[in-house]
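Chemist: Listed below are the residues making up each chain.
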Amino acid sequence: MRTLMRSSLLGTALCLTTLAAPRADAQTIAITGGKVYTVSGAPIENGTVVIRDGKIVAVGANVAVPEGAQRIDATGKWVTPGLVNASTVLGLSEISAVTGTNDATARGRDNVAAAFQVADGLNPTSILLSPTRGDGITAVVIHPDDGLFAGQSAVFEIVDGSASDMIVKQSAAMVANLGNPRAVGASSRGEMLMHVREILDDARTYARRRADFERAQTRPFAASRLDLEALQPVLAGRLPLLVAVDKASDIEATLRIAKEYGVKVIINGGAEAWMVADKLAAAKVTVLTGAMDNIPRNFNSLGSRQENAALLRAAGVSVALIGNAGGGGETQFNVRNIRYEAGNAVAYGMTWDDALRAITLAPAEIFGVSDRFGSLQAGRDANVVVWSGDPFEFATRAEHVLVRGKEYRDVSRQDLLMQRYKKLPPDFERTP
Amino acid sequence: MRRAALAAVFVTAACASSARQAPAPQRAAGDSTAKSTANAGPGATSTPNADPFPSTYRPMPSRATVIRNVTILTAAGPAIHNGAILLRDGKIAAVGASVDAPADAVVIDGTGKYLTPGIIDVHSHVGAGASPDDQGANTNDVNEATNPSTPYVWVEHSVWPQDPQLPRVLAGGVTTIQVLPGSANLIGGRSAVLKVVPARSVQEMKFPGAKYGLKMACGENPKRVYAQRGPSTRMGNVAGYRSAWIQAEAYRRRWDKWNSGHQGDAPTRDLGLETLADVLRGNILVHNHCYRADEMMQMIDIAKEFGYKIRAFHHGVEAYKVADVLAREGISAAVWADWGAFKLEAADAVRGNMALIDNAGARTIVHSDDKSGIQRLNQEAAKGMAAGNAIGVAVSEDEAIKWLTINPAWALDLDSKIGSIENGKNADVVLWSGNPFSVYTRTEKIWIDGAMVFDRSDPSERWRTDFELGYVPAASTVGGNR
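Here the protein sequences come in this chain order: A and R. For the first sequence, counting from 1, position 68 maps to 68 in the numbering used here; every step adds exactly one. For the second sequence, counting from 1, position 419 maps to 1419 in the numbering used here; every step adds exactly one.
Misleading hints may appear alongside valid ones.
Said to hold, decoys possible - In silico SDA-like links for lysine to any residue, alpha-carbon gap of 25 Å or less:
#1 R:Lys1113 <-> R:Gly1077
#2 R:Lys1113 <-> A:Lys279
#3 A:Lys423 <-> R:Val1325
#4 A:Lys35 <-> R:Tyr1440
#5 A:Lys422 <-> R:Ala1327
#6 R:Lys1091 <-> R:Gly1434
#7 A:Lys77 <-> R:Val1393
#8 A:Lys422 <-> R:Ala1293
#9 A:Lys423 <-> R:Ala1394
#10 A:Lys422 <-> R:Ser1433
#11 A:Lys422 <-> R:Gly1330
#12 R:Lys1309 <-> R:Gln1298
#13 A:Lys422 <-> R:Gly1470
#14 A:Lys77 <-> R:Tyr1440
#15 R:Lys1309 <-> R:Ala1293
#16 A:Lys423 <-> R:Asp1398
#17 R:Lys1309 <-> R:Met1235
#18 R:Lys1304 <-> R:Asp1294
#19 A:Lys406 <-> R:Ala1390
#20 A:Lys406 <-> A:Thr101
#21 R:Lys1304 <-> R:Gln1263
#22 A:Lys279 <-> R:Ala1475
#23 A:Lys169 <-> A:Thr101
#24 A:Lys279 <-> R:Gly1470
#25 A:Lys422 <-> R:Met1235
#26 A:Lys423 <-> R:Gly1392
#27 A:Lys423 <-> R:Ser1396
#28 R:Lys1113 <-> R:Ala1327
Said to hold, decoys possible - Below, a sample of chain R positions facing chain A; criterion: calculated Cβ distance under 8 Å:
#29 Gly1340
#30 Val1350
#31 Ser1372
#32 Ile1391
#33 Phe1437
#34 Tyr1471
It is worth saying that the hints were derived from the structure and are not from the lab. Remember, it's a predicted structure, so these values are computed and weren't measured experimentally. Idealized CB from N, CA, C, for every residue including glycine.
Excised from the complex, chain R in its bound form:
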C-alpha cells in the first residue's frame, strides 16, 4: 500500500506546468488571423490562436446573497473583521464593514466564521488521473510518456468530468484548478484551467478566457523515464528543451510571416509547434516542474535565450535557495508545505520554504499535485506560516491567504478576475466554520460566480458524480457528516 503511494508520486507528482488559453486572439497574429480562420471554413486551417474546444461553461443559477458579521480575508489588504459582502449577478458587488442588502437577497449570518476567496490550485491532475485507479481501470491519462517532448497533447482531452475526486476538491474550498500533464516529459503538453463544477464535458468546466499553460519538467523524471532512448542525463534534458525551442522559433516566424500577408499556401501545421510558438508569443504561460535551485537558474537562462517567460516553478523545494532571483525575475514558486525525501532532488525540502520565498519578495503559491492534499490547501498554508514563524520570518494571515488565492490567480493570469475579495471580481468565495488556518475548520458554503455550489448543511443538494451513484455509499459522499 505504501509502495503504491510512492509509485504514484513518481508517476504523477512533479508534473507542473501549464495554464490555459483564452479564446481571445493575441497581439502577434491579431484580429485578421481570427477572421481569416473563420473565413477559411472548418478544417481548412487553424492558427495558434484558434480555440477548437471552446468553453461552454455557464454559471449555475444564483441569487443575490449577503453574508454578514463575518471575518473577511480579502487577499487584497487587511482582513475586515465583522464585515459583510454582497454577491450579485455572479460578481462581488460590495464588500466592507456593512453592505446594503437588496430586498430579495439571501442573508447569511457569518458570526464566528471566515470568508475567503475561492482557493486556486495551479497544480492538479484531478480528472486526468482519475479515481478509481485500479489496475485495468485505465483512468491514468496524465503522462503521454511516449516521447520526451509532447507539446502536442492537451490535458483537457484526458479530463473525465465524472472523476469522483472533483466534488471532494470543491468541498475543500477549491473553486479553480489548473490540470497539468505529468512530468515524465521535458515538455508535457497544454494545461487546462477549470472551474470545479458538475459537468457533462470538460468544455463545460473550462474557465472562460483563461490562457493555456505549457507544462515543462526538469530533473530526475524525464531522464529516468527516457533513460534508454534519451535524454538520460540532465545535460540531455537541457539539449531537449533547446532543440524544441529552436524548432518553435522557426515555426513561429514562418506562421507570423504568413499571417501578416497570407501570401501563397499556408505553412504546414504542426500541433506541437503551434503550442510552443504561442508560448514564444506570450499567449501560453510556462509552468515548469523544477526541484533544484541550480536547475531553476538554467531554466531561467533558457527562457531568456528564446524570449519566453516562466510563470511559475512548480515543486520548487529548493526555491528558498534562489528566492531573491525568483523575485527579481518575476517568477512565482508553487510549492508544498513539507513534502520531501521521496527522491534525491527533493532531499533539501524545508518547511520554511513558503515563508522564505515570500520574505524574499517572490510570489509563494501553495499547490497540491495530490488528490488528497488539494482538499486541505488551507492546512498546507497554515503549516507554512507556522514554519516561518519558527525561524523568525513572520507571516500574517493576510499574507498567507494570498498564497492560496491571488498568487495562484496571478500565475494563471487570472488575477483580474479571481483570487481576491474586491468589488467587481467573480463571486468565488468560501465560508469557513472558523479560522481557515485552524486544523478544526471546515468549509461550510462555497460559491462560484455567485452561485452556491456547496453547502455542508444540505446533503440533499450535494454533487455526486455519475461514478459515485451506486458504487459509493451515500454516507461516504463528501461532506456527509454534520
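Chain A extracted, bound-state conformation:
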C-alpha cells in the first residue's frame, strides 16, 4: 500500500513536470522590460531578449518584439543567463548513502580510471533536476570522484528528455586528484607526482607505439589501454586536466607538471590559490573555488579564506564559483544554492558583475561550452532566468526559467510534499 502510494506519487510528480514543461520548440518568445545582465556585455536597462527555436536571436534596448511572440513581462525584474554550477554530481547521485543511486566513481586500476566518462551514468529522471532548475540553474558540470585520474567530466543542460538530449559535452575535462597522496595510492607527494609522470610518459609512449602495443612488443605500461587512450587529448592540450588541490605548494607542483607536459590545467578547490595568484595569472590557469570556506580543515588548507575568489579575480585569474562550504549537499541536493555562493563572494570582496560571471560565462568558458550558453547573446541557447530581484539574495525568486527556449514551471517532489503537509493532519487521498 505504502509502496503503491509512493510510486503513484512519483508518477504524479513526473506527469506534472512533463505537462507543465515544454511548449512547442518553434515558438518565439520576447522577454521585455527587465534589466538584462548579458554578462558578455554591459547590463541593459529596459532590455528585450528575443528567443526563437530555442536560441537567443536578439538582445538589446531597442529590439523590436516580433509579431506573434509570446511575451514575458519582466518589468522591474532582473534578467540573467541561466546559472551554471561547475561542481556537481547532479544526476549521478540521488541519495548519497544509497549505494545503487551513485554513479560518480569508477573502480579503475591502481587509482586510474581516465577512460571513465560520468556522462554514461547520467540519470535523466533524477528528482533533483527540477528543484535545481526551478532555482535558475540551467546547466551543470558533473565530475567523477576519487582516484589519481578519476575520469572525465561532462556538461549538461537541464532539459527534459533523455541523457543524450541533455548532454552538451560528453568529455569536458579529465579529473585528477593531487591534493591527498594517501587517497590515491601514494605515501607522499613525491611518490604521487612520480606516478603522475609515469602515467603521462607511458601515455606518450603508447601513442607512438600503438602497433607494438597491440603485438605485445612494449614494456608493461602503468595504465590500461583505455586509460592511455583517454589521456591523449590531455597531452595534446585539447582536454583540460581538472586538478583538485588546495595547498599553495601543490598548486605550484601542478603548474610545473602542466608546463613539463604541455597540459592545460584547471585548479579545483584551490583553498590557498590566493597565495600564488600571480603565478596562476601568469600561466593563464583558471580556478574553481568557493567563497564560503575559511576553515583550516587540514594541513593542506591552512590558508583557507573567503576572500580567495576575489583575490584571484583581482590578480587577473578567471574564476568559476563552486560550493565549497563542505556541507549540505552542495554538489547534489543543493546545487541550486550556487547563487548564494556568488552573494557571499561579493560580501568578501568580489564585484557583483564578476560574481555573476563566475556562475555563468566563466564556467562555460572554462569547460569550453561558451558558444552554447553562459551569456545572453544572439546565437546562444536560450537559457534565461527572470528573477524577482537580485539573484544572489535569499528573498529573490526565479520567476521564469527557460532552457533552450522552453519555459519550465517545475513542480518538484519537494513541492508535492509541502502541498501534502501544509495542512495537518494531511489528507493522503486528496493531496497533492
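Here the structure of chain A is known, so what remains is to put chain R in place on it, guided by the hints.
Modeler: Frame of chain A; chain R shown alone:
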C-alpha cells in the same frame, strides 16, 4: 574531496542532543544532597547533581556601551527602528527609541546597521570534532562508538579550546553553542553549553548555570554503526532506549531513597545511569536526533512511558509532517534550511520546513551540525523565510530572528538569560553591517556579557587560537578582510 565531505556527514552529522547542566542542585535530591556530598569529602561519593567540572567562566572586561540609530531585532516583539541600547555591567541596561548614555560610555553609531541577540546554535560539534582533521591528527572526539548506549561520556571532555573553528564561529555572530556527542549511539552522552570565548580550558567556556543535555539518536546511524553487534534494526533501536530507561528508573529510585534518609551504604555509582536518572528528574534536557516523522512519534511515546520530556528534535527534516504534534507536546525542532538526500531518512527534506513548523505553533530552531554552516546561521534562517513566503506561509523578520535566538535559548532552558534583547538579559548582542537576512551582510561587532569580543574593524585584537599561531597565515585570520 566530495567523498570526504560526505563521510563527515555520516560520522558527525545527525548527532543531536544534550544541553548542559547547571551547578544548581535540583528538587528531587534537594539541598541536603549537595551538603552531604560536600561533607563526605572529595571522592567519597557524588550524586547526579554534583558538578565536578564547574564553570570557571569570567566575563571579559567591559565598558558601558551605547549603540544608537540602529534597527534592533529584539526577538521579544516588534523591531525597534532607529533605536538605541545601553550595555552595562554585562547586562542589557536599557533598550528603546533612545537611552541615556552614561558619561563614560562608548557610543557607537549604528546608522544603517542592525542589532540582534547573539545567535545560539544548539547543535554543534566544534571543539570536539576539531580542525585540522587530517588522518593521524586524532582530533575527532565526537562519537564514542564503542557501545550503542554511552550516557557516561560527557562531551566537554572532548572539547579542545584551541580548535581554530571557534573564532570563526564567533565571527558568525554565534555567542553560545551546545556541543553534542555524535549520533552513532542511541544514547550518546552529555552535551556542553559553552560561550564562544578564548579560554585555556573548557571549564572557562562553560555557560554558568546551564543545564546539561542528553544526546539521543534515532534511525539509520545507530543501526548502521552497530549492525554487527546490534542494534541492527529500528526495532532494535527502540528496545535499546527502553532498556536503558528501565535501568535508569530503578537507579533513580535507589538513589532518591538513599538521598531521603542516608540509611546504610550509598548505592554504587554508575556514571551512565547518573545521567539518565537526572534526565528522569528533569535536570538534564533531552536533545534527540531524529529525521523521520514516524520515529519522532515513537520517541514521544517512549518519553511518556518513562516520564521525561524531549526538549528538541534535531535534524527533524520531517518535522513539518508532525508540526502540530510538536506544538501540542511542547517540543522544539532544530533543523537545517535545506539539507537533504544524503541518506534515505533525509530524502523528504523540504525548504519550507522551518516556516511550516513555526506556522503550526511549534518552536523552529535553526541549527548547524556543521563547522561551516554555523558561521552563517542567519543566512539559513533567511532561506527558511524565503521558502515560507514561496508557499504562502509568510514569516516576518521579527519571527525569523527567534529561530536563531530565543527559541534555541528555550531549548537550552536559558531563555531567561539570553536569546532576546530585553532589559536585564545578558548583554550578548551582534551588530550587523546591514539586514542580517541579506547575503551581503556581515557581522561588525559582537559582545558577550557586555564585553566586545569581536570587532571586524580592528585586526589587532582578533582572537587567534594557539593552533593558528604560525600555522595559519595572518591574512587568513577570520575577519581579516576589510
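Chemist: A separate judgement is required for each hint: does it hold in the structure or not?
Modeler: Structure-based check of each hint:
no.: 1; hint: R:Lys1113 <-> R:Gly1077; result: 19 Å, holds
no.: 2; hint: R:Lys1113 <-> A:Lys279; result: 39 Å, violated
no.: 3; hint: A:Lys423 <-> R:Val1325; result: 13 Å, holds
no.: 4; hint: A:Lys35 <-> R:Tyr1440; result: 21 Å, holds
no.: 5; hint: A:Lys422 <-> R:Ala1327; result: 15 Å, holds
no.: 6; hint: R:Lys1091 <-> R:Gly1434; result: 24 Å, holds
no.: 7; hint: A:Lys77 <-> R:Val1393; result: 23 Å, holds
no.: 8; hint: A:Lys422 <-> R:Ala1293; result: 15 Å, holds
no.: 9; hint: A:Lys423 <-> R:Ala1394; result: 15 Å, holds
no.: 10; hint: A:Lys422 <-> R:Ser1433; result: 35 Å, violated
no.: 11; hint: A:Lys422 <-> R:Gly1330; result: 20 Å, holds
no.: 12; hint: R:Lys1309 <-> R:Gln1298; result: 13 Å, holds
no.: 13; hint: A:Lys422 <-> R:Gly1470; result: 53 Å, violated
no.: 14; hint: A:Lys77 <-> R:Tyr1440; result: 20 Å, holds
no.: 15; hint: R:Lys1309 <-> R:Ala1293; result: 17 Å, holds
no.: 16; hint: A:Lys423 <-> R:Asp1398; result: 24 Å, holds
no.: 17; hint: R:Lys1309 <-> R:Met1235; result: 21 Å, holds
no.: 18; hint: R:Lys1304 <-> R:Asp1294; result: 16 Å, holds
no.: 19; hint: A:Lys406 <-> R:Ala1390; result: 23 Å, holds
no.: 20; hint: A:Lys406 <-> A:Thr101; result: 29 Å, violated
no.: 21; hint: R:Lys1304 <-> R:Gln1263; result: 31 Å, violated
no.: 22; hint: A:Lys279 <-> R:Ala1475; result: 19 Å, holds
no.: 23; hint: A:Lys169 <-> A:Thr101; result: 22 Å, holds
no.: 24; hint: A:Lys279 <-> R:Gly1470; result: 24 Å, holds
no.: 25; hint: A:Lys422 <-> R:Met1235; result: 30 Å, violated
no.: 26; hint: A:Lys423 <-> R:Gly1392; result: 12 Å, holds
no.: 27; hint: A:Lys423 <-> R:Ser1396; result: 20 Å, holds
no.: 28; hint: R:Lys1113 <-> R:Ala1327; result: 34 Å, violated
no.: 29; hint: Gly1340; result: 5 Å, holds
no.: 30; hint: Val1350; result: 5 Å, holds
no.: 31; hint: Ser1372; result: 4 Å, holds
no.: 32; hint: Ile1391; result: 5 Å, holds
no.: 33; hint: Phe1437; result: 6 Å, holds
no.: 34; hint: Tyr1471; result: 5 Å, holds
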